[in-house]
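Produce the entire structure from the sequences given, and follow the hints as far as they go.
Chain residues, written in single-letter form:
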Amino acid sequence: MKNIKFLILGIFFAIVLSKTQAISWYRFYEMFRFQSFHMYGIIGGAVVLSAIIMQLFKSGKVKDMNGNKIVPKPKKKGFISTILGGTLFGLGWGISGACAAPIFVILGFKFLPALILLVGALLGAFLYGIVSKKLPN
Amino acid sequence: MDFILQPWPWFVGGPLIALSLFLYFYFGKNFGASTNFETLCTMVGAGKVSNYFKKDWKERDFALLFVVGLVIGGFISATYLIPSQSIDLNPKTVQELTDLGFSNVANQYFPDEIFSEDVVFSLKGFLILILSGVLIGFGTRYAGGCTSGHAITGLSSLQLPSLLAVIGFFIGGIIAAWFVIPVLF
Chain A
1 MKNIKFLILG IFFAIVLSKT QAISWYRFYE MFRFQSFHMY GIIGGAVVLS
51 AIIMQLFKSG KVKDMNGNKI VPKPKKKGFI STILGGTLFG LGWGISGACA
101 APIFVILGFK FLPALILLVG ALLGAFLYGI VSKKLPN
Chain B
1 MDFILQPWPW FVGGPLIALS LFLYFYFGKN FGASTNFETL CTMVGAGKVS
51 NYFKKDWKER DFALLFVVGL VIGGFISATY LIPSQSIDLN PKTVQELTDL
101 GFSNVANQYF PDEIFSEDVV FSLKGFLILI LSGVLIGFGT RYAGGCTSGH
151 AITGLSSLQL PSLLAVIGFF IGGIIAAWFV IPVLF
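Which chain is which? The protein sequence lines are A and B, in order.
Under full-length UniProt numbering, the letters of the first sequence match residues 1 to 137, in that order.
Under full-length UniProt numbering, the letters of the second sequence match residues 1 to 185, in that order.
It is worth saying that the hints were derived from the structure and are not from the lab.
Keep in mind that a hint or two might mislead.
[Unchecked claim] In the BS3-like style, the derived pairs of lysine-lysine whose C-alpha atoms are separated by at most 30 Å in a straight line are:
1. B:K55 with A:K5
2. B:K92 with A:K73
3. B:K92 with A:K134
4. B:K29 with A:K77
5. B:K58 with A:K133
6. B:K92 with A:K5
7. A:K69 with B:K48
8. B:K92 with A:K133
9. A:K2 with B:K124
10. A:K76 with A:K58
11. A:K133 with B:K54
12. B:K124 with A:K73
13. A:K76 with B:K92
14. B:K58 with A:K58
15. B:K58 with A:K77
[What the hints assert, rightly or not] Between beta-carbon pairs, the in silico distance windows are:
16. B:D56 with A:F37: 41 to 49 Å
17. A:K134 with B:T79: 39 to 47 Å
18. B:F126 with A:M1: 34 to 42 Å
19. B:F121 with A:G60: 53 to 61 Å
20. B:Q95 with A:F37: 32 to 40 Å
21. B:K48 with A:L135: 36 to 44 Å
22. B:F121 with A:I4: 20 to 28 Å
23. B:F126 with A:K73: 34 to 42 Å
24. A:Q55 with B:T79: 37 to 45 Å
25. B:F126 with A:G60: 48 to 56 Å
26. B:F179 with A:K73: 18 to 26 Å
27. A:L56 with B:S122: 49 to 57 Å
28. A:N66 with B:S103: 23 to 31 Å
29. A:A51 with B:I4: 36 to 44 Å
We put the beta carbon where it would ideally sit given N, CA and C, even for glycine.
Structure, rendered in structure tokens:
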């Protein structure tokens with residue numbers, strides 16, 4: 001099982017999100033009401049440190065475990081799609097307090113509510129797959 | 001051991017998330033979570049309805065294992081690592097939510113008003129969760145990523161679309177917290 005490392009990384013990442021309260025509904029509500037630094041500190045800190053890591057990848061100083069250069073995939077372009085898609089996601093995030101990875105973590109806390117969120121997310125992704133060609137980008 | 005059972009401060013969270021991103025790339029893959037929604041759709045047969053889902057999900061088996069790890073990690077945290085779910089929220093936040101009718105604010109991770117079994121089985125409670133889920137699934141795919149893919153990976157690799165996506169995330173989140181939540185509760 002060469003991919004077992006991703007399972008372990010998933011467990012680790014879930015523990016980090018849980019222990020820092022970054023999966024708590026209240027922490028997101030507080031963030032969107034600008035009443036706490038906590039989530040800004042977590043996300044900001046992660047981005048700043050990751051930006052340094054990205055420079056090590058880009059300069060080729062750090063290669064992946066197979067010796068290949070690490071190149072983050074370019075994100076798809078499109079002004080309307082990213083803003084509008086982002087806003088729709090943000091609405092769901094702000095109401096439920098869950099984003100993509102936390103939905104799976106919350107399954108370990110609140111199984112049934114998280115399962116409903118997950119089924120909704122799959123329906124949403126399915127809907128996008130059906131209508132994607134007709135949407136403005 | 002005491003540190004493990006205490007809540008971890010924000011300055012521990014940021015570096016450990018960055019470490020997760022580093023390891024994900026070091027293992028040879030791009031860090032992100034929302035593509036799994038598509039992969040799961042493919043696995044349950046969405047390819048029969050739309051060509052969009054005609055993909056080989058086995059190519060993303062590493063990501064599915066990551067997801068299984070997320071569930072296991074959540075369970076381990078909930079069961080063994082978090083003896084108290086009380087949160088040191090801003091008193092103003094507590095007051096606001098209490099005024100909206102929320103009970104037991106900040107003494108748990110997830111409010112009963114959205115996550116308790118009574119509410120989940122009510123029509124309103126069910127619709128809140130399922131429609132939030134649809135917005136999350138649809139929105140992340142339309143925007144091309146979620147918090148880990150855009151806000152962490154995309155921003156840190158200085159990609160303009162990710163900045164736009166994150167602006168969108170916050171527009172949506174602010175609308176939710178300032179206008180939707182007060183109407184719903």
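Results for each hint:
no. : hint                          : result
1   : B:K55 with A:K5               : 24 Å, holds
2   : B:K92 with A:K73              : 41 Å, violated
3   : B:K92 with A:K134             : 44 Å, violated
4   : B:K29 with A:K77              : 21 Å, holds
5   : B:K58 with A:K133             : 25 Å, holds
6   : B:K92 with A:K5               : 42 Å, violated
7   : A:K69 with B:K48              : 37 Å, violated
8   : B:K92 with A:K133             : 45 Å, violated
9   : A:K2 with B:K124              : 44 Å, violated
10  : A:K76 with A:K58              : 19 Å, holds
11  : A:K133 with B:K54             : 15 Å, holds
12  : B:K124 with A:K73             : 40 Å, violated
13  : A:K76 with B:K92              : 39 Å, violated
14  : B:K58 with A:K58              : 29 Å, holds
15  : B:K58 with A:K77              : 27 Å, holds
16  : B:D56 with A:F37: 41 to 49 Å  : 44 Å, holds
17  : A:K134 with B:T79: 39 to 47 Å : 45 Å, holds
18  : B:F126 with A:M1: 34 to 42 Å  : 38 Å, holds
19  : B:F121 with A:G60: 53 to 61 Å : 55 Å, holds
20  : B:Q95 with A:F37: 32 to 40 Å  : 18 Å, violated
21  : B:K48 with A:L135: 36 to 44 Å : 22 Å, violated
22  : B:F121 with A:I4: 20 to 28 Å  : 38 Å, violated
23  : B:F126 with A:K73: 34 to 42 Å : 36 Å, holds
24  : A:Q55 with B:T79: 37 to 45 Å  : 39 Å, holds
25  : B:F126 with A:G60: 48 to 56 Å : 51 Å, holds
26  : B:F179 with A:K73: 18 to 26 Å : 35 Å, violated
27  : A:L56 with B:S122: 49 to 57 Å : 51 Å, holds
28  : A:N66 with B:S103: 23 to 31 Å : 53 Å, violated
29  : A:A51 with B:I4: 36 to 44 Å   : 29 Å, violated
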